[in-house]
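4 protein chains.
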Amino acid sequence: MIINPDQLNTNKNDISIHKNQFDHLASSLSKQGIEVDQIVAKLANFQVAIPSWALGAGGTRFGRFSYYGEPASLEQKLEDIGIIHALTKSAGAVSLHIPWDIPEDYKAIKELANSLDIKFDAVNSNTFQDQPNAKESYKFGSLSNTSKTVRDQAIAHNREVIDIGKELGSKSITVWLADGSSFPGQNNFQTALSHTQNSLKEIYNVLPDDWKLFIEYKPYEPYFYSTVIQDWGTSFLLANECGEKAYTLVDLGHHLPNTNIEQIVATLMWKGKLGGFHFNDSKYGDDDITVGSIKPYALFLIFNELVYGMNNNPQNPELSWMIDASHNLKDPLEDLIQSLEAIQVIYAKALLVDQHQLKEAQKNNDVTLCQEILQNAYLTDVRPLVKQARLQQHGAINPLKAYRSLLVREQLVKERGKHTVATGL
Amino acid sequence: MIINPDQLNTNKNDISIHKNQFDHLASSLSKQGIEVDQIVAKLANFQVAIPSWALGAGGTRFGRFSYYGEPASLEQKLEDIGIIHALTKSAGAVSLHIPWDIPEDYKAIKELANSLDIKFDAVNSNTFQDQPNAKESYKFGSLSNTSKTVRDQAIAHNREVIDIGKELGSKSITVWLADGSSFPGQNNFQTALSHTQNSLKEIYNVLPDDWKLFIEYKPYEPYFYSTVIQDWGTSFLLANECGEKAYTLVDLGHHLPNTNIEQIVATLMWKGKLGGFHFNDSKYGDDDITVGSIKPYALFLIFNELVYGMNNNPQNPELSWMIDASHNLKDPLEDLIQSLEAIQVIYAKALLVDQHQLKEAQKNNDVTLCQEILQNAYLTDVRPLVKQARLQQHGAINPLKAYRSLLVREQLVKERGKHTVATGL
Amino acid sequence: MIINPDQLNTNKNDISIHKNQFDHLASSLSKQGIEVDQIVAKLANFQVAIPSWALGAGGTRFGRFSYYGEPASLEQKLEDIGIIHALTKSAGAVSLHIPWDIPEDYKAIKELANSLDIKFDAVNSNTFQDQPNAKESYKFGSLSNTSKTVRDQAIAHNREVIDIGKELGSKSITVWLADGSSFPGQNNFQTALSHTQNSLKEIYNVLPDDWKLFIEYKPYEPYFYSTVIQDWGTSFLLANECGEKAYTLVDLGHHLPNTNIEQIVATLMWKGKLGGFHFNDSKYGDDDITVGSIKPYALFLIFNELVYGMNNNPQNPELSWMIDASHNLKDPLEDLIQSLEAIQVIYAKALLVDQHQLKEAQKNNDVTLCQEILQNAYLTDVRPLVKQARLQQHGAINPLKAYRSLLVREQLVKERGKHTVATGL
Amino acid sequence: MIINPDQLNTNKNDISIHKNQFDHLASSLSKQGIEVDQIVAKLANFQVAIPSWALGAGGTRFGRFSYYGEPASLEQKLEDIGIIHALTKSAGAVSLHIPWDIPEDYKAIKELANSLDIKFDAVNSNTFQDQPNAKESYKFGSLSNTSKTVRDQAIAHNREVIDIGKELGSKSITVWLADGSSFPGQNNFQTALSHTQNSLKEIYNVLPDDWKLFIEYKPYEPYFYSTVIQDWGTSFLLANECGEKAYTLVDLGHHLPNTNIEQIVATLMWKGKLGGFHFNDSKYGDDDITVGSIKPYALFLIFNELVYGMNNNPQNPELSWMIDASHNLKDPLEDLIQSLEAIQVIYAKALLVDQHQLKEAQKNNDVTLCQEILQNAYLTDVRPLVKQARLQQHGAINPLKAYRSLLVREQLVKERGKHTVATGL
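Chains as they are written, first to last, in our numbering: chain A, 12 to 436; chain B, 12 to 436; chain C, 12 to 436; chain D, 12 to 436.
Extracted from the complex, chain A is given alone in its bound form:
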């Protein structure tokens, strides 16, 4: 199923209300000296990658409730992303997970992606699960394994992922290393970290010059006592050891309770070492629920640092953005639409922060005013700006409404059958 702009009938009904709201907001913001056009343009340019495994229903260790009409092939996954991109105009990239989604016909896949205006963002390796017919098991680790044979298999896999990415036009690889231990004593921390450093260097050694290596961190899970790359400090240390094409990747859910993530983001950008960013939200652990559904203000504070860094840190590269959430109870496509909306809304709010006035207030230690400035941006209802950005690109004013109105899920079930199951988590 492919959505064309002229199918977006809901826009016809929504346009007049939107225009009224947008004009009112734009006028109000302009009076405050804000360049509304520039903000809308930035929103329009902001594209977030969808991971290829996120189009099906996720589960928990207690089980999984499937959804209907899940995509059964890489082609269908691209098609799904095409649908939400047509509606939201902000999902113009896919992040492939290997070996779940190795293309069979590269040329055809690239043409399909191209026709849907979808780019190939970072490719992802997977050494946290055993593949059927794999010679070695990752049960006790991959890049950090005590066995050289296992490490070599994991290194070779990552190199293969880079090769696949090269074929598709990706320019980066994300290594999420699940390696760790579930019991005290199981791992020698220094040995495991040393092996990991060496393994990453071997991967880094074949990285093309115009590529980036993203090193993700996570404090726990799937292992329950330790993770080899447990925090940003460890990732940063490893990235520095690898070289200047290696960067830290921040995933929102991969932090201990109460972590000040925005400060981590600021520190990494200051050092020019923030490479990528994964969106999701959580209340308890790495819950992987819809970004913005639990702690939207924390996300705003993070975006405030991201915007600051994008404006002030030329030493830091352009970031790779990806949604990294699991969709247990909702239609995965609806969940992604809500995720994209949340990201754009928060980004827009962060763009409203008066950075000049803030710096002055900080200098004067006017704490009350600092808080006012952030709250003023945050409390502004920026949805008209986001809608305007979509409208300019011929997307839907209200993507979720359009999605339901077009009976997309019903159509997918009709095309694919009810009980398909997507590969992935």
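Calculated from the structure, these hints are not laboratory results. Keep in mind that a hint or two might mislead.
In this list, chains with the same sequence are indistinguishable; a pair is considered to hold if it fits within one copy or across any two.
[Said to hold, decoys possible] Pairs of lysine to aspartate or glutamate residues, derived as EDC-like cross-links and limited to a Cα-Cα distance of at most 20 angstroms, are as follows:
#, residue 1, residue 2
1, Lys412, Asp365
2, Lys159, Asp377
3, Lys177, Asp128
4, Lys130, Glu147
5, Lys412, Glu383
6, Lys42, Asp25
7, Lys53, Asp377
8, Lys412, Glu371
9, Lys282, Glu252
10, Lys146, Asp163
11, Lys429, Glu147
12, Lys429, Glu86
13, Lys374, Asp163
14, Lys118, Glu383
15, Lys150, Glu371
16, Lys30, Asp392
17, Lys53, Asp34
18, Lys42, Asp392
Fit chains B, C and D to the given chain A structure using the hints.
Here is chains B, C and D on its own, set in the frame of chain A:
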């Protein structure tokens, strides 16, 4: 210093912008079927008590940086509350902490409060500090102490607080029992809880018929291993043992990391046992910082339950609302103005939730729509509603702006001197 | 495979060292006035149920690495428990999970269990997964579902579980209600709790007079925003509503970070409402790893309260004990042997606490001494007591050594084949 | 008051029991191939610094309950340390906090310390409180302040602290930088970190060649939203920027909930960047209670890494050890005696870990055995080893018993009076 409505010159400048914003919002909300007048009326009626100790700068165990012009007497504290009430029209109550603020002349204090439109909300006892000349020490507990003599002193103090409250027209007493232990083994949990239950009953026995007893809970601090009333379950148990005039009081900061506080609120209101609510915010522990400054969406979800309960739970009494925050770095009055603004803004957003539509979506397990309904209310910029409520009552459209414009702090310093120190924390 | 006492050849080698260690410890403890025989007798009597699903390898949402020779039938599961009971003499009970382990031939199963000296402890219902051919789905809840049809199915299932338990001689049912929500707004908290209360009453109504109903609680997972029975307070409230045969069940892993669990245990026993206790350990969330492997001192403090309650709270019934852990990386039987050892060691330490001296120190507020008393018991190496208790019952002095020496796993693989997969998580 | 070895009458009563216990244990350990003498020698060599502020009672933000006979001068503080060192033989160092404890007569102080066998460990600066007559306030930060004047004052203070340390023979300075913010927006993270880096470099520039600079980190408190040096990663980054004499200092209480601290220790030692270690314990936040009183097994796991690092990481310097706890409810000297006992007990257990066998088990992925090896060491009652180490040095077999038997506190009260108050927290 007393502020009269005709001093609010800032309103003259702000009125036209406000009118434009309010009319636009009111029109937009009306189209969605929302009764704007009713919401504004509810906002106008919502009054939050200011604790008598909150007008001075608070500190941490590492020290305290004083503020200028702090109130040195109960009269000056009321005066301070009068100022913020005149500006915000939402601080029409004071919550006295005894023995910090025992009136010397009840009649004069009542007249002063009356002239400032300030009511006497819950009175608070203090058995977590030793008073000079006290016979017994609370170092090892008060209502739960192993010594009957100490328990009796603490009971007598609480009864005296009730007597003071009766003189002033209060109708409730809040017991925050700091009692606990800092080391495993220090306390016998069962004995401590049993003593506490008996002590509370002795206080309850002298409670006037039209009074309420609020039992606060807290997981830790000032003790570091256990608190006798550690959670809502313990408070609820004790309230049930005391009788129907005893209720649980929820303080936002008194919870373990990640606690779902809104669910606790819902459960207590369902059982008719939520008596009071204390506002503040925190990122790590019981940080007691400005409400809404860290987790405004969590506060919104709590208010969503409070609004639901106020509409659907006749078994639950009207709630006592109080700000329970410490003001370390900001001007305490500015901090309170920001607190009141945050509370009203979030309350207004909660009032926008379409409860009927939500119930339908819940019934249909339409999780996506449930989230949309909450987000739609939350994302609406409701500040014009809050301003309108203030304006109707002759308060300031922008209280903080008015506070600064009127040079209130400068005036207070002039009147009181720079280095006064308020009693309290 | 069945282990007979005369196969325990390792005992022959271990007996002299053990005798030396035991005599030394017994002499030392006797001089402190401790009745060693009584402690050994209490250890010998202490039996912990093994859940029928715990004999196979568990997994995480990221996948599962199977173990070899897993039991493929209920008979084989009982056989596994028989093996560890023969070695440890402390696993003399099984806790069945329905529908995973519905007996086909009740008489045969009872005879088998009897021959292995295994009793049937609490039976467990499962409404957190959909069974093939089930009419209704529990995706959006079971006992709390908005649909009466779904609730009725879940109630009927629980009643069926009671019927199965009656056939086997169980005297209790454990309800772990996974119901909750993953997004704010998804559930109406009051409605969900009200439905749950009514559903539990309907189950309670068919509970035989000599049975107990255990109500488990958990703050999150499998749902990520709320759980209907989120804490002990909610469970306690529901148990009180149901009646005097209803009790709260405490699972170690089901708490928010930093919770003082020992105090919860003390409160519940004081009120006569603690019915059961589930053993595991965790560092981050509900990790379900081997009990005692992360926080043994916390377990000691809990056992200190359990011992106190067993001695001082006749109002509380005998407790149901169960291991509720998942075995990801270790041989499940080895993990259970380590679990049982850890439980007995900690129980023995708690039995050494001088309760009389402790009460005196508490009365005198001698905090230093209180800590000394606990630490003195905790630091004592009690393993000789635990070994003595096993030896008296013809178990293995060193069960793990015996297990490996007898090549149990190798034998099970030979009998069952390598790639069997146990039912369950 | 000074304690001489011949006053330790309690030893005479305790010696025969101790000898019996020690011989039994030594014999048992020798059979396992453990060199008991070497372990006792290592325990005897292990010395922990006492901070000069830790001899008085600490408090919380809710108040402070004083203790009797607190030391009123630096001389009396050294005297106190002398007492516990005479008893425990493990407190042979003091860590001065400036400006609380600036010596008036350096020569006299050095002679006194020398006579008590006390060395001067790291000196500590204090820029988290304002001193009377200070020109600039640290309310909004010190080394990170937006004002150069304030930063310069803080740098000058640190340089002065180094000068004081040089006079006394210290070889290191610890910088605990409390700087941070209590509200989002208050600080510009990048600016604050950049200022801090520059300020630290200016301090580092005057550091003598044989000195070390320790950079402490802490996630929160006294500020409630952010700390400039929030975690080990930030400290490590700053230490690397400063140079090879700069190191990270780990304080046990300065971590977010559930942090795997032992892994941080291992990583830092591997990189040769762990400089110092502060002992305390906590259940909720930075509770600063007696080390070993809450999570002794976590401390054991940390010590396991420290022992491993001391044996395998020549790239890492000798560590500075300090007790960093607050004494709210106990006699501070008793609390320190319990702290030292706990540290030595855990260190002894860590020394028992069979590192060779552990490495083998790790290589074989024998997770069960890895856990057995750690548990076997941990469960051993090593108190006889610790007592033997003290006895060899003419300390007390049972220091706490000796302390009480010698009526030390009563004597101090007699000498100093009841209501002295020690400087410090």
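**Request:** Up to 20 angstroms between alpha-carbons, please classify Lys177 paired with Asp128: within, between, both or neither.
**Result:** within (19 angstroms within a copy, 63 angstroms between copies)
**Asked** 20 angstroms Cα cut-off: does Lys53 pair with Asp34 within a copy, between copies, both or neither?
**Response** Within one copy, since 18 angstroms is at most 20 angstroms while 30 angstroms is not.
**Asked** When no copy is named, should Lys150 and Glu371 be tagged within, between, both, or neither for a Cα gap of at most 20 angstroms?
**Response** between (54 angstroms within a copy, 18 angstroms between copies)
**Asked** Checking Lys30 and Asp392: alpha-carbon separation at most 20 angstroms within a copy, between copies, both or neither?
**Response** Both: 15 angstroms inside a chain and 17 angstroms across chains, each within 20 angstroms.
**Asked** Which holds for Lys130 with Glu147 at a C-alpha limit of 20 angstroms: within a copy, between copies, both or neither?
**Response** neither (33 angstroms within a copy, 42 angstroms between copies)
**Item:** Same-copy or cross-copy closeness of Lys42 to Asp25 [CA-CA at most 20 angstroms]
**Value:** Between copies, since 14 angstroms is at most 20 angstroms while 26 angstroms is not.
**Request:** Check Lys42 against Asp392 for me: Cα-Cα at most 20 angstroms, and say if that holds within a copy, between copies, both or neither.
**Result:** Answer is both; intra-copy 16 angstroms and inter-copy 17 angstroms each pass.
**Item:** Same-copy or cross-copy closeness of Lys53 to Asp377 [CA-CA at most 20 angstroms]
**Value:** Neither, since 30 angstroms and 33 angstroms both go past 20 angstroms.
**Asked** When no copy is specified for Lys429 and Glu147, does a C-alpha distance of 20 angstroms or less occur within a copy, between copies, both, or neither?
**Response** Between. Shortest inter-copy distance 17 angstroms satisfies the 20 angstroms Cα cut-off; intra-copy 36 angstroms does not.
**Request:** Pop the pair Lys159 and Asp377 into one bin, within, between, both or neither, using alpha-carbon distances up to 20 angstroms.
**Result:** between (57 angstroms within a copy, 17 angstroms between copies)
**Asked** With identical chains treated as interchangeable, where does the CA-CA distance between Lys374 and Asp163 reach 20 angstroms or less: within a copy, between copies, both, or neither?
**Response** between (53 angstroms within a copy, 16 angstroms between copies)
**Request:** Have a look at Lys412 and Glu383 and pick one of within, between, both or neither, based on CA distance no larger than 20 angstroms.
**Result:** So Lys412 and Glu383 pass the 20 angstroms test across copies only (11 angstroms; inside, 34 angstroms).
In this structure, the earlier hints numbered 4, 7, 14 are contradicted, and the remaining ones agree with it.
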